[in-house]
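Chains as they are written, first to last, in numbering that gives the first Met the number 0: chain C, 0 to 358; chain X, 0 to 358.
Keep in mind the hints are simulated off the structure, nothing from the lab.
Accuracy of the hints is not assured; some may be wrong.
Identical chains blur together in the list; that is why a pair holds if it fits in one copy or across any two.
Under the rule of at most 20 Å between Cα atoms (straight-line distance), these lysine to aspartate or glutamate pairs were calculated in the DMTMM-like manner [to be verified]:
#1 274 with 298
#2 335 with 316
#3 358 with 316
#4 336 with 298
#5 343 with 307
#6 76 with 342
#7 76 with 351
#8 357 with 316
#9 114 with 315
#10 302 with 332
#11 257 with 279
#12 335 with 298
#13 357 with 315
#14 357 with 69
There are 2 protein chains.
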Amino acid sequence: MLKANNPNKKSSQNISLSEITNPNAIAQIQHFRKKEISTSELVNGILNQNRTALSRAITLIESTHPTHIEKANSIIKSCLPHVNQSVRIGITGIPGVGKSTFIEALGIHLTSLGKKVAVLAVDPSSALSSGSILGDKTRMEELAQDANAFIRPSPSGSNLGGVARKTRETIILCEATGFDTIIIETVGVGQSEIAVHRMVDFFLLLQITGAGDDLQGIKRGIMEMADAVIINKADGENSQNAQVLQAAIQKTISLFPKKDSEWVPFVSCCSALHKEGITEIWQTLTSYFETIKKNHFFEENRKNQNLDWMYETINDELLHQFYNQPAIITQLEINKKAVQNNEKSPFEAALELIRIYKK
Amino acid sequence: MLKANNPNKKSSQNISLSEITNPNAIAQIQHFRKKEISTSELVNGILNQNRTALSRAITLIESTHPTHIEKANSIIKSCLPHVNQSVRIGITGIPGVGKSTFIEALGIHLTSLGKKVAVLAVDPSSALSSGSILGDKTRMEELAQDANAFIRPSPSGSNLGGVARKTRETIILCEATGFDTIIIETVGVGQSEIAVHRMVDFFLLLQITGAGDDLQGIKRGIMEMADAVIINKADGENSQNAQVLQAAIQKTISLFPKKDSEWVPFVSCCSALHKEGITEIWQTLTSYFETIKKNHFFEENRKNQNLDWMYETINDELLHQFYNQPAIITQLEINKKAVQNNEKSPFEAALELIRIYKK
Numbered sequence: 000m001l002k003a004n005n006p007n008k009k010s011s012q013n014i015s016l017s018e019i020t021n022p023n024a025i026a027q028i029q030h031f032r033k034k035e036i037s038t039s040e041l042v043n044g045i046l047n048q049n050r051t052a053l054s055r056a057i058t059l060i061e062s063t064h065p066t067h068i069e070k071a072n073s074i075i076k077s078c079l080p081h082v083n084q085s086v087r088i089g090i091t092g093i094p095g096v097g098k099s100t101f102i103e104a105l106g107i108h109l110t111s112l113g114k115k116v117a118v119l120a121v122d123p124s125s126a127l128s129s130g131s132i133l134g135d136k137t138r139m140e141e142l143a144q145d146a147n148a149f150i151r152p153s154p155s156g157s158n159l160g161g162v163a164r165k166t167r168e169t170i171i172l173c174e175a176t177g178f179d180t181i182i183i184e185t186v187g188v189g190q191s192e193i194a195v196h197r198m199v200d201f202f203l204l205l206q207i208t209g210a211g212d213d214l215q216g217i218k219r220g221i222m223e224m225a226d227a228v229i230i231n232k233a234d235g236e237n238s239q240n241a242q243v244l245q246a247a248i249q250k251t252i253s254l255f256p257k258k259d260s261e262w263v264p265f266v267s268c269c270s271a272l273h274k275e276g277i278t279e280i281w282q283t284l285t286s287y288f289e290t291i292k293k294n295h296f297f298e299e300n301r302k303n304q305n306l307d308w309m310y311e312t313i314n315d316e317l318l319h320q321f322y323n324q325p326a327i328i329t330q331l332e333i334n335k336k337a338v339q340n341n342e343k344s345p346f347e348a349a350l351e352l353i354r355i356y357k358k
Numbered sequence: 000m001l002k003a004n005n006p007n008k009k010s011s012q013n014i015s016l017s018e019i020t021n022p023n024a025i026a027q028i029q030h031f032r033k034k035e036i037s038t039s040e041l042v043n044g045i046l047n048q049n050r051t052a053l054s055r056a057i058t059l060i061e062s063t064h065p066t067h068i069e070k071a072n073s074i075i076k077s078c079l080p081h082v083n084q085s086v087r088i089g090i091t092g093i094p095g096v097g098k099s100t101f102i103e104a105l106g107i108h109l110t111s112l113g114k115k116v117a118v119l120a121v122d123p124s125s126a127l128s129s130g131s132i133l134g135d136k137t138r139m140e141e142l143a144q145d146a147n148a149f150i151r152p153s154p155s156g157s158n159l160g161g162v163a164r165k166t167r168e169t170i171i172l173c174e175a176t177g178f179d180t181i182i183i184e185t186v187g188v189g190q191s192e193i194a195v196h197r198m199v200d201f202f203l204l205l206q207i208t209g210a211g212d213d214l215q216g217i218k219r220g221i222m223e224m225a226d227a228v229i230i231n232k233a234d235g236e237n238s239q240n241a242q243v244l245q246a247a248i249q250k251t252i253s254l255f256p257k258k259d260s261e262w263v264p265f266v267s268c269c270s271a272l273h274k275e276g277i278t279e280i281w282q283t284l285t286s287y288f289e290t291i292k293k294n295h296f297f298e299e300n301r302k303n304q305n306l307d308w309m310y311e312t313i314n315d316e317l318l319h320q321f322y323n324q325p326a327i328i329t330q331l332e333i334n335k336k337a338v339q340n341n342e343k344s345p346f347e348a349a350l351e352l353i354r355i356y357k358k
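With the sequences and hints as input, model every part of the structure.
Here you go:
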């Protein structure tokens, strides 16, 4: 169904018209909505580009239930040999910069070129701020109804490592489902940028004028990671300010050390709302990918990212297994009470549990 | 030496004049600067309020060397029974908001009241941005030379859990050394706020006018954690704008759910540069601490934070022990190569290492 001819066809529940009118497709959707479904059925669904199967498999990845985790691991293993040569693009920017509008404009441009676009998010703060990015699909209403696009909010979790791992695994499933352009959104505020930068081929920073401390502090770290800095909302009265900011950022970037990719980050203006500048941005991205595939940075970078992925999986698994061991579950409850009653220091209580686990 | 009468005495290397002119003090400093020193000597030094011993012990906490970690653990254990009833204050705000100036003004006010102030920092991004907060003591030149103040930059590390754990352990050592007011600085951008909020009794958010998205997005989550929002740089022409922002924040905060502490967060303006408003802020903090000690929130909150600390120590230890096991060290190297050569998927390589570790 990802091969629908008209990517702009609209229908309810993100299903293309062909799916609704085609009895086979309806049967398939109903099939994948059943309560119990085997992992091999889900894998087959994914490899047949069925997005309901994809959604259900992602739900397994995001679950903390031991049976679900086992199923998820088996699905990922089966999908790994079938991943395609997608491109992975990270997009960041502080709240208010227009990330959703930009991603929607870019996504629609990409599907109009025949691309299949998956939009994921990494937002470990969503547990706290109770407002996950991409949580509300209406923020990208047009793209959400595009038959060649798939949008999935950030997995929840206060632990960045866990959120990042789940997102990496979701990328694999999206690629096995035939999505060739993976966009990963994150909020422009720190650690999650670093995590997203580690899982993409291209990292794009969105900016706006008048955001205060554009060029200093933590932002500098994020700007150093960026392959492109795009000033959004460069329309109407704001156009001139945007150009001033563009020049300032250009100057800052020229002072940064050369990138391993040999790519010189580009700075440009756009108006995602008016869909201005989007085509040019995609053209530049295309030439970026040509460059880094030619000089083998693409390949090298993916190899390094795979190492990161290995470490993330190890760390996440170690903690998971510890906290699910029966002896630990029992003693943890005892030590928690002892710590709360000031009978044991948290430090000693922790080291004692580790000693028990090692036995 | 923390009991020097004049806290504004200045001298080189953060040592009070009495230390320089007193032969015993000089001998003691020289003693703690020796290359090899036993843990019991360091513990004695700490309990005798010697800050050179404190510095060296913190260096052990921050080390990744197995012998140092063992020493550090033993020092913490010995110091735990001697921690005093300090207050722990977290301070955050985006870069440019004037955190250093504010902390210096507050710190000097506190030492003038006879308090002993330790300033620590949590900044896991410092590894990436290569500019740790508090890294440069000259940013708080006056406070750094105050005999009753101790300033320590953020421990380095890209892993927030590890940085947070080291900071908690450092708090214990500072308290055992007699510091009664612990200030923990962090950058106002996300996960590290949550970590710091979990280790302090009072959480203060610094703001400035014109910072753009003051009231939206991720900032909302941080604002919800705040016990006070202080608008800094409220001087000269900016005074009126600061008052407008104060009213807007006040309104936002009034819509938040009631805090467990029953404390209604206060919003006020100050000019840290001109030392205006600092006395009033400290008065409000004093009444905060009276309130939460009376209604037992202080105690309850500390208990919950101790649980966090226990979990942090467990998680950090688990990873540390895994990566230091000889069988893992060997196989990790093999699997890293296999992943880089695309002979093994990162996912399978990770699960294989976990299997080996479990044996």
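Quick one: residue 302 to residue 332, C-alpha cut-off 20 Å, is that within a copy, between copies, both, or neither?
Only across copies: residue 302 and residue 332 sit 14 Å apart there, 41 Å inside one copy, limit 20 Å.
Is it within, between, both, or neither for residue 336 and residue 298, if the alpha carbons may be no more than 20 Å apart?
This pair counts as between: shortest inter-copy Cα distance 15 Å, intra-copy 51 Å.
Since the copies are identical, ignore which copy is meant and state whether residue 357 and residue 69 lie within 20 Å (CA to CA) inside a copy, between copies, both or neither.
Close across copies (17 Å), not inside one copy (24 Å); limit 20 Å.
For residue 357 and residue 316, with the copy left unspecified, which applies at a CA distance of at most 20 Å: within, between, both, or neither?
Both ways: residue 357 and residue 316 sit 16 Å apart in one copy and 12 Å across, limit 20 Å.
With identical chains treated as interchangeable, where does the CA-CA distance between residue 357 and residue 315 reach 20 Å or less: within a copy, between copies, both, or neither?
The answer is both: 18 Å in one copy and 15 Å across copies each meet 20 Å.
Tell me, please, which holds for residue 76 and residue 342 at an alpha-carbon limit of 20 Å: within, between, both or neither?
Only across copies: residue 76 and residue 342 sit 14 Å apart there, 46 Å inside one copy, limit 20 Å.
From the Cα coordinates, with 20 Å as the cut-off, is the pair residue 114 and residue 315 best called within, between, both, or neither?
neither (33 Å within a copy, 43 Å between copies)
At 20 Å max between alpha carbons, let me know whether residue 257 reaches residue 279 within a copy, between copies, both or neither.
Result: close neither inside a copy nor across copies, 24 Å intra and 49 Å inter.
Residue 274 and residue 298: within-copy, between-copy, both or neither at 20 Å Cα
Cα proximity of residue 274 and residue 298: none, with 32 Å in one copy and 55 Å across.
With identical chains, the pair residue 358 and residue 316 could be close in the same copy or across copies; at 20 Å between alpha carbons, which is it: within, between, both, or neither?
both (19 Å within a copy, 15 Å between copies)
Intra- versus inter-subunit Cα pairing at 20 Å for residue 335 with residue 316
Answer is between; shortest inter-copy Cα gap is 17 Å, intra-copy 22 Å.
20 Å Cα cut-off: does residue 335 pair with residue 298 within a copy, between copies, both or neither?
between (47 Å within a copy, 16 Å between copies)
Going through the hint list in order, the structure does not satisfy hints 1, 9, 11.
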